[in-house]
Amino acid sequence: MNVAAAARLRGKDLVGIDPLSAGEIQLILDTSEQMREIAERPIKKVPALRGKTVVNLFFEASTRTRFSFEVAEKRLSADSLNFAATTSSVSKGETLIDTALNLEAMQPDFIVIRHAYAGAPHQLARILRSSVINAGDGAHEHPTQALLDALTIRLKRGTLAGLTVAIVGDLQHSRVMRSNVLLLSRMGATVRVAGPPSLIPIGMEKMGCEVHGRVEDAIAGADVVMMLRIQLERQGRMNFPTVREYYDFFALTPERLKLARKDCLVMHPGPMNRGVEIDSRVADGPQSVILEQVTNGVAVRMAVLYLLAGGHGEPTAD
Amino acid sequence: MSRLLIRHARVVDPSQRLDAGLDVLIADDKIARLAERIEDRDAGVLDGTGLVAAPGFIDLHVHLREPGFEYKETIASGAAAAVAGGFAAVCCMPNTRPVNDNPAVTEFIRARASEAGLARVYPVGAVSKNLEGGELAELGEMARAGAVAFSDDGKPVHNAYLMRRVLEYAQLFRLSVVDHCEDRDLAAGGVMHEGAVATRLGLRGIPAAAEEVMVARDCGLAELTGGRVHIAHLSTRRGLEHLRGAKARGIAVTCEATPHHLALTDQAVADSEYDTDTKMNPPLRSAEHVEALLQGVLDGTVDCLATDHAPHHADEKALEYDLAPFGVVGLETAVPVTYDLLVRRHKLSLGRFVALWSTNPARVFGLPGGSLKVGAPADVTLLDLEARLTVNPDRFRSLSRNTPFAGQRLKGWPAATLVGGKVVWRRERK
Chain A
4 MNVAAAARLR
14 GKDLVGIDPL
24 SAGEIQLILD
34 TSEQMREIAE
44 RPIKKVPALR
54 GKTVVNLFFE
64 ASTRTRFSFE
74 VAEKRLSADS
84 LNFAATTSSV
94 SKGETLIDTA
104 LNLEAMQPDF
114 IVIRHAYAGA
124 PHQLARILRS
134 SVINAGDGAH
144 EHPTQALLDA
154 LTIRLKRGTL
164 AGLTVAIVGD
174 LQHSRVMRSN
184 VLLLSRMGAT
194 VRVAGPPSLI
204 PIGMEKMGCE
214 VHGRVEDAIA
224 GADVVMMLRI
234 QLERQGRMNF
244 PTVREYYDFF
254 ALTPERLKLA
264 RKDCLVMHPG
274 PMNRGVEIDS
284 RVADGPQSVI
294 LEQVTNGVAV
304 RMAVLYLLAG
314 GHGEPTAD
Chain B
-7 MSRLLIRHAR
3 VVDPSQRLDA
13 GLDVLIADDK
23 IARLAERIED
33 RDAGVLDGTG
43 LVAAPGFIDL
53 HVHLREPGFE
63 YKETIASGAA
73 AAVAGGFAAV
83 CCMPNTRPVN
93 DNPAVTEFIR
103 ARASEAGLAR
113 VYPVGAVSKN
123 LEGGELAELG
133 EMARAGAVAF
143 SDDGKPVHNA
153 YLMRRVLEYA
163 QLFRLSVVDH
173 CEDRDLAAGG
183 VMHEGAVATR
193 LGLRGIPAAA
203 EEVMVARDCG
213 LAELTGGRVH
223 IAHLSTRRGL
233 EHLRGAKARG
243 IAVTCEATPH
253 HLALTDQAVA
263 DSEYDTDTKM
273 NPPLRSAEHV
283 EALLQGVLDG
293 TVDCLATDHA
303 PHHADEKALE
313 YDLAPFGVVG
323 LETAVPVTYD
333 LLVRRHKLSL
343 GRFVALWSTN
353 PARVFGLPGG
363 SLKVGAPADV
373 TLLDLEARLT
383 VNPDRFRSLS
393 RNTPFAGQRL
403 KGWPAATLVG
413 GKVVWRRERK
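Keeping their order, the protein sequence lines are chains A and B.
Count along the first sequence from 1, add 3, and you get the number used in our numbering.
Anchor point for the second sequence: position 103 equals 95 in our numbering, and the numbering is continuous, going up by one each time.
Check the hints yourself; a few may be wrong.
[What the hints assert, rightly or not] Pairs of lysine to aspartate or glutamate residues, derived as EDC-like cross-links and limited to a Cα-Cα distance of at most 20 Å, are as follows:
| # | chain 1 | residue 1 | chain 2 | residue 2 |
| --- | --- | --- | --- | --- |
| 1 | A | 209 | B | 263 |
| 2 | B | 309 | A | 97 |
| 3 | A | 209 | B | 280 |
| 4 | A | 209 | B | 265 |
[What the hints assert, rightly or not] Chain B is nowhere near these chain A residues, computed Cβ spacing over 12 Å in every case:
| # | residue |
| --- | --- |
| 5 | 24 |
| 6 | 107 |
| 7 | 178 |
| 8 | 258 |
[To be verified] Simulated DEER-style distance windows between Cβ atoms:
| # | chain 1 | residue 1 | chain 2 | residue 2 | range |
| --- | --- | --- | --- | --- | --- |
| 9 | A | 13 | B | 419 | 36 to 44 Å |
| 10 | B | 339 | A | 213 | 38 to 46 Å |
| 11 | B | 318 | A | 162 | 45 to 53 Å |
| 12 | A | 14 | B | 176 | 33 to 41 Å |
| 13 | A | 107 | B | 421 | 53 to 61 Å |
| 14 | B | 89 | A | 67 | 51 to 59 Å |
| 15 | A | 312 | B | 380 | 43 to 51 Å |
| 16 | A | 97 | B | 318 | 16 to 24 Å |
| 17 | B | 307 | A | 80 | 36 to 44 Å |
| 18 | B | 136 | A | 64 | 51 to 59 Å |
| 19 | A | 13 | B | 339 | 38 to 46 Å |
| 20 | B | 380 | A | 14 | 29 to 37 Å |
In case anyone wonders, no lab produced these hints; they're calculated from the structure.
As the structure is a computational prediction, the values presented were derived from the model and not from experiment.
Each residue gets a CB set at the ideal place from its N, CA and C atoms; glycine is no exception.
With these hints in hand, go ahead and build the complete structure from the sequences.
Listed below in structure tokens is the structure:
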């Protein structure tokens, strides 16, 4: 696949993978590779975003994604502010829009938002001057997760085009799955998704992937297997019977992994439920790149911040 | 006796299969005469040159929010919006606070409407007390006070036994029972049509089947009881097929379709990037349903059009898509949206278009009006089919602005509305 690299990102925001072109995705991944190098330095900090302010607006509990953004912001010398609200905006008595407008009145350059409801970043991006970065909105998108997954695969395999990637788990509620399907198919990979049929959303195939009920069919011959986290509170609610049965039919076990290519990468966006969707022998096994995903997350978020700030060329060390 | 003469209009009245250039003489509040040339020196004159004169349009399905939610709409503001949209009469749903489940509220609504003195406002009474789906509301008392139909609209009548009993009881008054067909378990907290668009947007879907199974149930209960079921805001292909089948068997079922379900698809949610003015219940459906519904309108299976005018305050709509309330306003956009779609694009005859907004809804609920025959109430909608205007919510008479049609340029707008022989609204000419 020959992709003409975009010189820069077109929009002021990153609300999802969906609005990105293949060229823009490639630009972010290329920039991320440069950012990775910064983490190897003795002084892990460049002045690229010095004087810029980033608000991390997290309406949903998150440790990993928020830390990852914070580390990325600090390595680029931006000033970070954290706003955590675990309750919905409405029960707090202030609307999302009012909260965002109040924060914007303090003139930040970026608002990184995590929200339990799909579309919240889009609604903010429409009215805010700051760059809005989606750090996960409901069951919709989690673009930086898909970008870090893609970076991880690309670093291991050199390319995304032509690979077969299986994504397995609770498809209905997964924003990680949606962003990954959009990104990987746009970059020329074949994407297969699988999970309990009661958790496969209608019209899934129209997003550009093959849909399987049996996990084995999705994994067979795959270059990458990406497992999704099952939310344990969904068991017994007519979605799937029990965690025990889930493991039996849908978990990535050493036996199932044998169906994939020998060098198949094992991925998981975390946090993992060991012994539920993934067997520890696989999660900790030689094919697992789960911790590398976390490392790459910082680089990808640095790249996104840097590019949205209008950066170009290599970020220089001072 | 006061007289008004509408001169040189194209009179389109499906109740007498009329489409001709005529003068219309109104005496007091009734149609007095129709003829090619009427001379009456004492009559006031309304120049109808270039306009269509139709029986006053009737909207069987609006929410006027009073009593209880006057910050969204009042009976006066809703009636003003109605006449500015070409409607001479509207039927208002009972989901107010307090609920219109007793004759006191029914009378209150009628008194308020008569103070406003604009559109005729016909109250729809609740099926169950406080819309709770438990005990029957005082149907007879409300009918006596002026209720023209019964509905728990906003909520489906979930209990089939209750639906059966209301269909039986309402026959005493020859009134229809209007059902919002939605299986709540299947809808499962969804916020838009279930399908590929919802999947891509990560929004919870309401499957078409949630409506279809309830339409099938209601057709079965209408057949069992002989009662009259009117299906509100039909939006699905199979729902339409159930109705087509029931009608063919002679069962007393009728249905309405809204302008937004005909003119928009679920793609509008994606295109607008989660604009909550695309959120309503039933949701905007996918193209296959919209095409089937349009076919149902064109072939006559759909009896009439209705807006489901559902005003909400801007603050309520300025929330996350999941949290914003369902509903859009419709009174001031319905005529141009449907004229543009049905007559201009799909070549429906003007007579049938007028019937969908006047003669047919009058027949469905057994209301006066829907006709310009001599002796009929002098409710007249004048249309300017050449007018080309842009939908501008800031100019709405409604207190609310939640329309998915803002900014659309449409051709074919109401020019004036007469109720009981009085010109209650006229478009200002620039």
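Outcome of the hint check:
Of the supplied pair hints, the one linking residue 209 of chain A and residue 263 of chain B holds, its CA atoms being roughly 17 Å apart against a limit of 20 Å. Annotation: proposed proximity of residue 309 of chain B to residue 97 of chain A holds, straight-line Cα distance about 14 Å (limit 20 Å). Between residue 209 of chain A and residue 280 of chain B, the direct Cα distance comes to roughly 16 Å. Compliance with the 20 Å bound is thereby established for this hinted pair. Among the hinted pairs, residue 209 of chain A with residue 265 of chain B is consistent with the structure: their alpha-carbon atoms are about 19 Å apart, no more than 20 Å.
For residue 24 of chain A, the non-interface assignment is confirmed: its Cβ lies about 17 Å from the closest Cβ of chain B, beyond the 12 Å cut-off. Consistency note on residue 107 of chain A: stated as away from chain B, and its beta-carbon is indeed over 12 Å from all of that chain's, at 15 Å minimum. Under the 12 Å C-beta cut-off, the non-interface status given to residue 178 of chain A relative to chain B is violated; the minimum distance is some 6 Å. Annotated as non-interface, residue 258 of chain A keeps its C-beta farther than 12 Å from every C-beta of chain B; the closest such distance is 31 Å.
A beta carbon spacing of about 43 Å between residue 13 of chain A and residue 419 of chain B agrees with the range 36 to 44 Å that was offered as a hint. In this structure the supplied range 38 to 46 Å holds for residue 339 of chain B paired with residue 213 of chain A, their Cβ-Cβ distance being about 43 Å. In this structure, residue 318 of chain B and residue 162 of chain A meet the distance hint of 45 to 53 Å, their C-beta atoms being roughly 46 Å apart. Checked against the given bound of 33 to 41 Å, the beta carbons of residue 14 of chain A and residue 176 of chain B, roughly 39 Å apart, stay inside it.
Taking the beta carbon of each, residue 107 of chain A and residue 421 of chain B are about 43 Å apart, not inside 53 to 61 Å as hinted. Range check, residue 89 of chain B to residue 67 of chain A: about 45 Å between beta-carbon atoms, so the 51 to 59 Å window is missed. The hinted range of 43 to 51 Å is satisfied by residue 312 of chain A and residue 380 of chain B, whose Cβ atoms lie roughly 45 Å apart. Between residue 97 of chain A and residue 318 of chain B the C-beta distance comes to about 23 Å, which sits within the given range of 16 to 24 Å.
Roughly 39 Å separates the CB atoms of residue 307 of chain B and residue 80 of chain A, a value that falls within the hinted 36 to 44 Å. Restraint check, residue 136 of chain B to residue 64 of chain A: a C-beta distance of roughly 57 Å satisfies the suggested window 51 to 59 Å. Distance hint check: the CB atoms of residue 13 of chain A and residue 339 of chain B are about 41 Å apart, consistent with the given range 38 to 46 Å. About 34 Å separates the C-beta atoms of residue 380 of chain B and residue 14 of chain A, a value consistent with the hinted range of 29 to 37 Å.
Checked against the numbered hints above, the structure breaks hints 7, 13 and 14 and satisfies the rest.
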